[in-house]
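Visitor: Starting from the known structure of chain E, arrange chain G on it as the hints suggest.
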Amino acid sequence: SQQGEEDPQALSIQEGENATMNCSYKTSINNLQWYRQNSGRGLVHLILIRSNEREKHSGRLRVTLDTSKKSSSLLITASRAADTASYFCASDNYGQNFVFGPGTRLSVLP
Amino acid sequence: ETGVTQSPTHLIKTRGQQVTLRCSSQSGHNTVSWYQQALGQGPQFIFQYYREEENGRGNFPPRFSGLQFPNYSSELNVNALELDDSALYLCASSRWDSYNEQFFGPGTRLTVL
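Protein sequences appear in the order of chains E and G. Numbered according to our numbering, the first sequence spans residues 1 to 110. Numbered according to our numbering, the second sequence spans residues 111 to 223.
The following block holds chain E by itself, in its conformation from the complex (with noise of 0.2 Å):
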C-alpha cells in the first residue's frame, strides 16, 4: 500500500491561475520530492525538500513541508497549459526507495 495521499485527486484551472496540491504521508521521512508525470510517461524531478526544511522555490514552484502535521504542499504560480500533468510526491524514510502518493491530475485550461 502506498504511504502518502495527494489532495485532489483532480484539479481543474485556467490559464495564469496558482495551483495548489497537498501531500500527507504516514511515517517520519528523510526527504520530500515532487515529481511530473505527462500522459503516463517517465517521471521527471521537479523539487526536493529535506525534513529540516520548511519552504523550497524553485522557479513558478513553492514547496512547504509540515512535519508536525505530516503533509506536503506543492504550489505552481501563473499556470500554463503546458504544466497539465499528473503531479506527486515521493517521501523516502532513510530507505532506498521512495514511497509515491496517487497523484493529483492537473488540467490548465487556456
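Simulated from the structure, these hints should not be mistaken for lab results. All C-beta atoms in this analysis are idealised placements derived from N, C-alpha and C, irrespective of residue type, glycine included. One thing to keep in mind: the hints can contain errors.
[To be verified] Partner residues are not named here, just some residues of chain G that face chain E (Cβ under 10 Å, in silico): (1) V114; (2) Q147; (3) L149; (4) Q151; (5) P153; (6) F155; (7) I156; (8) Q158; (9) L200; (10) A202; (11) N210; (12) E211; (13) Q212; (14) F213; (15) P216; (16) G217.
Guide: Okay, now just chain G, sitting in the frame of chain E:
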C-alpha cells in the same frame, strides 16, 4: 530527458506468459530501482539492485525478479503473468551515495490479456 532508457516501449502478453523488461542506467549511476505504476495510481516500489544484488524489495511476489549487469543495466522479469500485472513499469537509476536523486526512464507499458 534523463539518460535512462527502457525497452521495449510497449508490450502485449497473455496471462501465464513470462516477460523481460530492460533498463539502461544513466552514466555514472550504479543503482537501479524498479517501480510498477497501475493506471491512475502512483508508482509502487518493486525492488532495487546495487552491485548486481537485490537491495531492498517492496510487497511483490517472487515471480517478480531482476538482474543487474556489470555495466549497471538491469532487467525485470515477471513470470506467470496475471491480468493485474498490466501497468507502466518504470526504472530509475541513481548513485548509491545519492539515492534520493533518482532519474526515471520513460517506462515500459505492459498489457496482459
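Visitor: Now tell me, hint by hint, if it's right for this structure.
Guide: Each hint tested on the structure:
Interface restraint check: V114 of chain G against chain E, minimum CB-CB distance 8 Å, threshold 10 Å, status holds. Taken as an interface hint, Q147 of chain G checks out: its beta carbon lies about 8 Å from the nearest beta carbon of chain E, inside 10 Å. Proximity of L149 of chain G to chain E holds as hinted, the smallest CB-CB distance being about 8 Å (cut-off 10 Å). The restraint placing Q151 of chain G at the interface with chain E holds, with a minimum CB-CB distance near 5 Å, inside the 10 Å limit.
For the restraint placing P153 of chain G at the interface with chain E, the shortest Cβ-Cβ distance is roughly 5 Å, inside the 10 Å limit, so the hint holds. Evaluation of the F155 of chain G hint against chain E yields a held restraint, the C-beta minimum of about 4 Å falling below 10 Å. For I156 of chain G, the shortest C-beta to C-beta distance to chain E is roughly 9 Å, which falls under 10 Å, so the interface hint holds. At its closest, the beta carbon of Q158 of chain G sits 5 Å from a beta carbon of chain E; the interface hint therefore holds under the 10 Å criterion.
For L200 of chain G, the suggested interface contact is upheld, since its CB lies about 6 Å from the closest CB of chain E, less than 10 Å. Restraint check, A202 of chain G versus chain E: the minimum CB separation of about 8 Å is within 10 Å; hint holds. Proximity of N210 of chain G to chain E holds as hinted, the smallest CB-CB distance being about 5 Å (cut-off 10 Å). Evaluation of the E211 of chain G hint against chain E yields a held restraint, the C-beta minimum of about 8 Å falling below 10 Å.
A hinted interface residue such as Q212 of chain G counts as satisfied when its beta carbon comes closer than 10 Å to some beta carbon of chain E; here the least separation is about 7 Å, so the hint holds. Look at F213 of chain G: its Cβ gets to within about 7 Å of chain E, closer than 10 Å, so that hint holds up. A cut of 10 Å between beta carbons decides the hint on P216 of chain G: the least distance to chain E is about 4 Å, and the hint holds. The beta carbon of G217 of chain G is positioned within 10 Å of a beta carbon in chain E (closest approach about 5 Å), and the interface hint is therefore held.
The structure is consistent with each of the numbered hints, conforming to all of them.
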